[in-house]
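K.L.:
Chain residues, written in single-letter form:
There are 2 protein chains.
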Amino acid sequence: MKYHVTLLIELKDGILDPQGRAVESILQGLQFKAQNVRVGRVLEMEVEAGSEAEASAVAHNIGKALANPVMEVFVVEAVKELV
Amino acid sequence: MKYHVTLLIELKDGILDPQGRAVESILQGLQFKAQNVRVGRVLEMEVEAGSEAEASAVAHNIGKALANPVMEVFVVEAVKELV
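So the protein sequences, as listed, match chains V and H. For what it's worth, full-length UniProt numbering labels the leading residue of the first sequence as 1, then goes sequentially. For what it's worth, full-length UniProt numbering labels the leading residue of the second sequence as 1, then goes sequentially.
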């Protein structure tokens, strides 16, 4: 079966995020009351697996492979079966 | 009140995503059965608003301001009140 996986990879708290700072100052310039903006990556993909639990495990392994453990954390945001 | 907002900005379907292709070939090289990998941005921020509905509306306006309407779509993934 195929599963749609959404994976977030973000900088750890405390790691300086210049891109987030830039977006924050743009938003504040546009009069949005936004603070502590952090920019990360989102990966959407289709994964082949026998069950939702297996797809979730595969997604965790993919996150481990792609995120830099020193600076980044990953979150498996969603695993949905494709019909 | 402050709300934590998660906003996803992704390339529209059909727009070529070279970064996604690169990640896909890396994952396949690592024997992961991943297909149709798409890479986008995730923005996490704190937003000042009077209610959850207002925070959600602010998040939509921020998405409109930051996403390129020709190539990208945005999704307000989550709005959570901060305590």
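Where hints are given, some of them may not hold.
[Unchecked claim] Derived lysine to any residue pairs resembling SDA-like cross-links, with alpha carbons at most 20 Å apart:
1. V:K33 x H:A53
2. V:K80 x H:V76
3. H:K2 x V:S25
4. H:K33 x V:K33
Hints were generated in silico from the structure; no laboratory data involved.
K.L.:
Hint by hint, say whether it matches the structure.
P.N.:
How the hints compare with the structure:
As the CA atoms of K33 of chain V and A53 of chain H are separated by approximately 15 Å, the hinted pair is consistent with the 20 Å bound. Between the alpha carbons of K80 of chain V and V76 of chain H the distance comes to roughly 18 Å, so the proposed pair stays at or under 20 Å and holds. Of the pairs offered as hints, the one joining K2 of chain H and S25 of chain V holds, with about 18 Å between alpha carbons and a cut-off of 20 Å not exceeded. Straight-line distance between C-alpha atoms of K33 of chain H and K33 of chain V comes to about 42 Å, which puts the hinted pair past the 20 Å bound.
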